[in-house]
Amino acid sequence: MTAIPLGVPRRLVEFTIDGQEARVPEGSTILDACRAAGKDVPTLCEGDTLRPKNACRVCVVEVEGSRTLVPACSRKAEPGMEVRTGTERARHSRKIVLELLASSVDLSTTAQVAGWIKEYKAKPDRFGPDAARLGEEPKVDNELYVRDYDKCILCYKCVDACGDQWQNTFAISVAGRGFDARIAVEHDAPLTDSACVYCGNCIEVCPTGALSFKSEFDMRAAGTWDETKQTETTTVCAYCGVGCNLTLHVQDNEIVKVTSPHDNPVTHGNLCIKGRFGYQHVQNRD
Amino acid sequence: MRKRQPKTYTRLTHPLIRDSRDEPFRQASWEEALDRAARGLARNRGAFGMFSCARATNEMNYVAQKFARVVMGTNNVDSCNRTCHAPSVAGLSAAFGSGGGTSSYEEIEHTDVIVMWGSNARFAHPIFFQHVLKGIRNGARMYAVDPRRTSTAEWAESWMGLNVGTDIPMAHAIGREIIHAGLTNEAFIERATSGFEEYKALVEPWTLSLAEKVTGVPAAAIRELAHAYARAERAQLCWTLGITEHHNGTDNVRALINLSLLTGHVGRYGSGLQPLRGQNNVQGGGDMGAIPNRLPGFQDILDPDTRMKFESAWNTVIQPHYGLNLTQMFEAMEEGELKAVYCIGENPAQSEADSEQAVRRMRQLDFLVVQDIFLTKTAELAHVVLPATAGWAETDGTTTNSERRVQRVRRAVTPPGEAREDIDIICELAARLGHEWKYADAQAVWNELRSVSPDHYGMTYERLEQYQGIQWPCPSTEQLEPTYLHGRLWEADPARRGLPAPFGIVQHDPPVDLTDEEYPIRLTTGRRLDSYNTGVQSGSFASPLRRGEYVELCPEDAERYGVVVGEEVRVTSRRGSVVAPVWVDPALRPGLAFMTMHFPDEVDTNQLTIEANCPIAGTAEFKASAIRIEKLPVATIVR
Amino acid sequence: MDLHFGDSKPTDDERAAVDALLGPPESSWEGAARDEMRAADLRWARGGRAARDRRDLLLPGLHAINDRIGWISEGALDYLCRRLTVPPAEAYGVATFYAMFSVKPRPATVLHVCTDLACATAGASELCAGIEARLGLGSGVSVERSPCLGLCERAPAALAIKAGDPVRTAVSAPATVHGAVLAASAPDAAPQEPPAAMAVPQAGDPSLTLLRRVGVVDPASLDDYRAHGGYTALRRAFELGPAGVIREVTDSGLVGRGGAAFPTGRKWQATASQPDHPHYLVCNADESEPGTFKDRVIMEGDPYALVEAMTIAAYATGAHKGYLYLRGEYPRALRRLEHAIAQARARGLLGDDVLGQGYAFDIEIRRGAGAYICGEETALFNSIEGYRGEPRSKPPFPVEKGLFGKPTVENNVETLVNVLPVLTMGAPAYAAIGTAKSTGPKLFCVSGSVARPGIYELPFGATLGELLELAGVRERLRAVLLGGAAGGFVRPEETDIPLTFEGTREAGTTLGSGVVMAFDDTVPLPRLLLRIAEFFRDESCGQCVPCRVGTVRQEEALHRIVDRTGAAAADDIALLREVGRAMRDASICGLGQTAWNAVESAIDRLGAYE
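Chains as they are written, first to last, in numbering that gives the first Met the number 0: chain F, 0 to 285; chain H, 0 to 638; chain Z, 0 to 609.
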């Protein structure tokens with residue numbers, strides 16, 4: 000008879016962060032350890048439900064003996080490692096990464112980034128008025144969500160959520176290469192001709208607002224989007240027996256978007272089209 | 000492609016009453032409507048039935064069944080679980096004494112073999128299927144048994160496209176092959192089951208070649224599944240309505256359970272049986288006693304001790320016999336024995352098989368009160384309509400999912416107009432009928448339920464919050480039970496092992512609605528990804544995937560009838576006839592057509608389906624009708 | 000998998016191209032016609048793991064279509080995806096990653112004209128203009144400006160690829176407008192390429208070790224190879240056993256020749272000792288560093304040496320399958336190696352029972368498709384596996400989790416062929432060649448302003464001056480680029496730099512892949528730097544921000560100062576330094592980390608913009 004697997008007991012790894020002793024379970028990342036120690040390391044492409052992609056490189060730290068900086072989000076803590084999070088070298092790279100992103104992408108709806116730009120004294124304007132930008136127009140090809148790739152930092156989170164890590168629909172991929180790399184469906188077709196099943200799990204993980212609910216997009220355009228007036232209430236979806244937890248974002252007694260708790264044992268932050276978008280019927284009030 | 004918005008429903012904001020059968024509704028005050036409803040119910044005491052709601056909270060279902068049993072003195076209470084998973088509950092309780100799925104979602108991520116039988120979970124239960132996909136990514140092999148090669152089946156190592164309604168031959172042949180290959184779990188059979196010899200004799204005729212003849216699936220494929228399932232160290236057997244929506248749905252379920260008993264794939268971590276529930280609280284509705292044969296906590300009405308406990312808790316007398324189930328209640332309407340119905344949040348006028356007949360029967364009622372958030376087709380038949388709240392977004396309480404996890408639902412938005420919470424409305428009616436119930440809030444209802452249901456006792460609202468839901472059984476407020484049921488079957492001590500699980504001795508019985516020259520096509524039904532049931536809720540959002548109702552044919556049949564995508568055809572069964580446009584789906588094979596019930600206002604599919612019911616569970620054979628397709632004289636292409 | 004396909008259908012040619020690679024489809028679900036013959040498909044479909052495990056055939060499939068048709072249509076891509084159970088969006092992401100593929104219609108013939116460093120200094124831009132004037136719209140030829148084609152000894156170079164069955168190729172180098180147009184319009188009629196030995200000025204010199212057979216043996220003849228000492232090293236390997244081979248390689252001091260100079264013996268030992276199986280051997284023949292062509296010359300001139308060396312490496316590390324990842328722009332090397340592998344297989348030197356020793360090993364060639372980044376070892380794994388050629392994060396290192404997530408030893412062509420003399424000479428004799436820290440012979444790719452460009456073999460420790468003299472360096476030398484685009488410039492007077500890993504490091508530069516490119520003062524340095532910056536911008540995979548955007552900002556700044564000096568350039572030089580430092584420190588892989596090297600060295604060492 001099979002016992003309930005409790006998981007292999009994990010050893011503790013001892014190392015130092017900024018000279019202080021740190022002990023974390025084996026397999027933890029430097030970022031995990033930093034967060035446990037209350038240290039703020041900026042992150043953009045890291046996602047709590049996704050495997051680290053370490054594409055943005057804004058979380059880089061110095062590790063003694065390493066030729067280059069290492070990404071805190073993906074590098075596992077090793078015994079005896081000496082990690083320094085706030086060195087001039089690490090801060091320089093973070094500053095440049097922020098400048099490179101802010102000079103090429105619209106970060107206006109990326110959480111926290113304005114604070115980091117200030118903290119790291121980043122000056123995205125220094126590349127001049129002719130610095131290449133993505134220059135994409137928002138793609139509005141369906142009534143449920145909008146893809147505004149001018150805001151895309153290419154963190155791969157939507158691709159990973161749509162792909163083998165969660166949804167396994169593979170409607171989107173990174174296409175092209177280098178600065179021309181873009182998130183695209185096959186043959187750069189509109190979403191409505193793609194494999195997309197409109198689960199919105201890509202929106203759930205998008206850190207920049209490049210992917211957003213049409214409701215949010217329209218309200219922002221109308222200037223009525225106001226997160227300070229919104230409540231978030233977690234309840235259970237009514238569309239089948241699986242029992243997905245929905246967090247309803249409500250403004251002025253209207254549901255304006257739906258998310259799901261990332262640590263929920265049923266959903267892990269994922270929903271289907273019905274749970275994510277099928278709320279309109281309760282507010283057909285006239 | 001046609002991208003239509005189906006009929007959208009607007010929220011009810013005021014009570015409506017009808018002064019006589021022929022008059023239209025008029026707006027009424029709550030006082031007037033409730034008084035009218037109370038009078039209508041009072042005069043039909045003894046001929047009353049309660050349709051509770053598998054989509055409302057546990058708390059509401061608890062109060063609704065209590066209303067039926069205490070206020071109206073009847074066990075005639077049921078809900079739409081009858082139309083879907085009642086056979087699963089019946090089959091599982093017959094085998095194990097408890098009607099829930101035996102495993103948890105997380106376990107399927109760590110199993111070795113997954114069998115998806117009659118389940119297109121990719122569409123119908125997408126987030127459960129994500130757990131299946133995790134399992135597949137972790138190395139599990141998935142097998143799909145389904146007449147159609149669905150999106151779910153496309154993930155399978157092996158898909159077996161059996162004839163509709165031949166699940167028992169398939170299961171028996173698998174059982175026989177497991178026995179003949181010496182792959183049974185003898186120790187488990189010996190200690191934890193009964194009736195093996197009889198089962199062995201039962202399946203003996205079902206050779207692989209006979210099964211191939213009956214099911215249409217190659218013998219090699221059946222053999223492969225038998226061996227994969229039996230040899231797996233852990234295996235999960237999952238099913239949905241493809242198994243239950245048959246005239247012998249409970250027998251189908253028993254046939255599948257037999258396979259788990261043969262191999263010991265039940266009662267262990269990662270090995271189990273998983274019926275996937277169609278409604279958010281179809282599990283909880285039954286758990287709360289909103290079914291005719293069980294009291295809250297799935298406790299048997301026929302057990303005198305149980306009755307006594309509830310009689311003293313509720314200060315009432317409980318009828319010592321089972322009530323009528325939904326199907327029987329409809330039959331009793333026909334007979335004139337059921338004259339008043341209190342229908343909460345259900346739409347039987349469109350969801351029942353042979354919907355014309357259901358509507359006719361409800362018209363015969365002396366009194367129908369409907370409590371809903373929309374003026375549904377059923378509500379249109381009512382004498383009194385009471386505007387309620389949406390259980391999942393406008394009320395507090397709990398629901399129970401397919402893995403028996405009780406989770407909190409919370410009020411996020413204020414209901415429109417004068418709409419009121421279900422529990423308040425029921426209590427108002429109870430008060431008018433002489434029972435003053437005082438519940439401060441949903442939590443008070445829940446705590447009353449906890450006091451009478453040992454399986455729920457340990458689930459305080461605080462703990463439900465803390466653990467993001469708790470699975471039953473949870474008898475203790477201090478600890479949690481394993482994620483799977485029936486671990487007892489593996490106990491060495493016979494006393495702790497309890498009753499052995501009996502093999503189900505069930506015979507193959509083909510679908511009632513036979514295909515013949517006149518009705519040559521087998522119509523089966525199911526769900527699409529972006530729509531839900533009769534579409535009353537899901538019709539309101541602008542799904543880019545939605546294309547309305549179609550009759551789906553395989554490319555060969557479309558060619559044979561000379562019809563193209565979008566062309567309207569007449570679809571006729573022995574019961575009714577509808578016009579629907581054609582869709583061509585290569586997942587089908589010649590002689591097999593597919594429709595949904597999502598757009599009854601466009602194409603009322605249930606005019607075609609047959610009301611041939613499972614005698615044990617009462618579920619109708621939605622999955623198997625015989626139809627013919629006729630090209631219309633003047634081709635109309637819907638685009 | 001529940002894949003979504005559009006309405007586009009493949010043409011008969013496209014279908015035939017895919018089926019030629021994969022065989023006919025096994026069921027209607029995989030794309031076979033749905034008729035009575037396939038009725039059983041509607042009752043039973045296989046799929047799952049076996050279907051999903053064919054992803055690594057995606058790149059060969061894309062090649063098959065591109066080779067036959069010249070571009071990859073929606074219908075063709077969908078059909079390939081159906082055959083391989085690959086989501087079309089992902090396949091599209093892969094197809095658009097590679098420069099040699101097009102997902103838009105284009106003429107059947109593509110003429111790649113190299114505009115990289117060596118060719119640029121040999122007049123590539125005039126050549127391009129001349130060709131484009133002749134081959135305009137409607138000519139049936141698409142002219143594409145290309146990064147280094149690895150034909151630097153014959154600069155300027157052009158490579159014509161004419162789609163069809165079979166695909167035809169022709170090289171024109173040194174290219175004239177007439178020669179290139181002829182190659183493109185009638186590849187079969189174009190003159191034969193000169194033999195590989197033409198790229199080896201020392202050919203025939205008996206003191207050569209690595210190049211001794213180039214120009215001496217018939218590269219098509221296994222017998223000739225064996226007559227010249229071929230397969231004695233493998234015999235010796237079987238005598239030594241795997242552990243003995245690793246000991247010899249370790250003791251020889253052999254380090255990787257791809258640029259990173261990692262000790263080969265240690266890499267092999269680390270792979271061999273991994274408990275996870277199977278182990279894989281990968282030969283990195285994706286030689287794409289501008290100015291590098293040594294691997295091509297070995298593969299074209301002495302292909303069996305690579306086959307033998309791979310067999311030894313696989314034997315030592317416990318691998319039974321080897322992948323040879325070959326640059327897509329090397330058609331002749333492809334033909335030679337395909338032939339050599341087939342011959343070796345026919346003679347029992349590959350297969351289930353190599354040399355009758357009971358050891359099984361075989362080699363599969365995978366072609367790159369125009370992506371410099373795939374020379375990065377982990378990007379190469381992704382490319383073979385059918386994913387975008389994006390580098391992976393390390394650790395875990397390939398020796399632990401490499402190709403298909405299994406322990407993998409990956410070596411460059413030159414490194415592998417060094418194993419042959421290690422075994423035939425013995426480690427001590429091999430280690431006696433060169434210096435204490437850089438042992439053995441080394442190949443150098445000399446091009447640019449020299450009289451005798453080509454591949455030179457010298458023992459480690461020879462100086463830059465000695466090499467340049469051997470190659471006949473011309474007057475008015477302005478700068479020497481060591482290590483290619485990822486390397487660094489040195490001044491003409493720095494001729495006494497010892498050409499060893501440690502010597503170049505001490506001199507503040509790098510040996511890299513052995514590129515030595517000489518530039519005289521007729522070439523404006525800022526233009527060269529701009530070309531290097533363009534190269535990195537084009538070749539960045541786009542995965543990490545420092546490289547994806549940093550290479551663009553670097554190029555923009557170099558554009559701004561292309562005609563400026565002194566104070567007028569100072570701000571942008573400061574900007575370049577800051578961005579360059581972040582690229583070096585924070586990029587995922589060597590591409591971004593080295594993208595600023597050459598520019599930095601030109602500023603600091605050569606005083607560009609002063």
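If you are wondering where the hints come from, they were derived from the structure by calculation, not from laboratory data. No experiment lies behind these values; they were computed from the predicted model shown. Hints are not guaranteed to be accurate.
Cut-off 27 angstroms, straight-line C-alpha distance, at most; resulting in silico cross-link-like pairs (BS3-like, lysine-lysine) [to be verified]:
no., chain 1, residue 1, chain 2, residue 2
1, Z, Lys436, Z, Lys320
2, Z, Lys393, H, Lys133
3, F, Lys120, F, Lys138
4, F, Lys75, Z, Lys393
Tested hints:
no., hint, verdict
1, Z:Lys436 x Z:Lys320, "32 angstroms, violated"
2, Z:Lys393 x H:Lys133, "25 angstroms, holds"
3, F:Lys120 x F:Lys138, "33 angstroms, violated"
4, F:Lys75 x Z:Lys393, "11 angstroms, holds"
In this structure, the earlier hints numbered 1 and 3 are contradicted, and the remaining ones agree with it.
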